[in-house]
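Participant: Sequence:
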Amino acid sequence: MTEQAKTSPAITSEIQKLAPSAVIELFVLDLSLFGQGPVRFHAGTNALMQRVVWQGHAYEAFPIQVEGFEFNGGGQVPRPRLRVANVTGSITALVLSYQDLVGARITRKRTLAKYLDAVNFAGGVNPTADSLAEFADDVYCVDRKSRETREVVEFELAASFDLEGVSLPRRQIVQNVCPWSYQGAECGYTGSAYFNANDEVVSSKAQDACGKRLASCQRRFGAHAELPFGGFPAAGLFR
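The numbers in the sequence shown follow the numbering used here, run straight up by one, and end at 241.
Be aware that a few hints might be false.
Stated by the list, open to error - Here are the simulated lysine-lysine pairs, DSBU-like style, with alpha carbons at most 35 Å apart: (1) LYS214 with LYS19; (2) LYS19 with LYS8; (3) LYS147 with LYS8; (4) LYS116 with LYS19; (5) LYS214 with LYS116; (6) LYS214 with LYS8; (7) LYS207 with LYS8; (8) LYS207 with LYS116.
Just so you know, the hints here were simulated from the structure itself, not pulled from any lab data.
Please work from the sequences and hints to get the whole structure.
Facilitator: Structure below.
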């Protein structure tokens, strides 16, 4: 897995809202290894019941299910699973033609519904369309075909460096201190609630300072939110 680009500031700001726009998950299957062009697909349609168009590319509506993209604190690289409906036999045809797709690259692209191309909306109008507003790409390779039936074909994905035995993160593991620059790209905090280094509420941005603790992150993003904390709270559990 590699990240083609960092998550854009527009996305970082939007997902911190109480009711952010829906996440749109899109996939690109790169068949250049087999001398073929890319196949783009998405598990749904747009508001017009047509193919979703993102960054000028149309994504075919296709029943798919994915799981396992999340990282954990133990240094293990995710090995996602991609399940694709095989009712028409089209996926079986692909795996027969292209060696079970082993080695083919799969890119997961994500954006928010409000940023989709204007062509997805009635009248071709979307005042919030933004082709640069996207999450960082997740890029994996098909490691193996793990299951095939008449109804579904399942693939196990892997990062190229995981196949080589490399563990993440490739940096020093610190348990209780976040190394990210406050409000920098990795932190991404853009809220208007301010706290000092002791996590106490303050009234001005000039007094705002991150304590670099997990609690500092929770004060800003919420106790139950997905946190960008750069430390490893569970590191003390490993010996």
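Participant: Decide, hint by hint, whether the structure agrees.
Facilitator: Results for each hint:
| no. | hint | verdict |
| --- | --- | --- |
| 1 | LYS214 with LYS19 | holds (22 Å) |
| 2 | LYS19 with LYS8 | holds (20 Å) |
| 3 | LYS147 with LYS8 | holds (30 Å) |
| 4 | LYS116 with LYS19 | holds (14 Å) |
| 5 | LYS214 with LYS116 | holds (33 Å) |
| 6 | LYS214 with LYS8 | holds (22 Å) |
| 7 | LYS207 with LYS8 | holds (26 Å) |
| 8 | LYS207 with LYS116 | holds (30 Å) |
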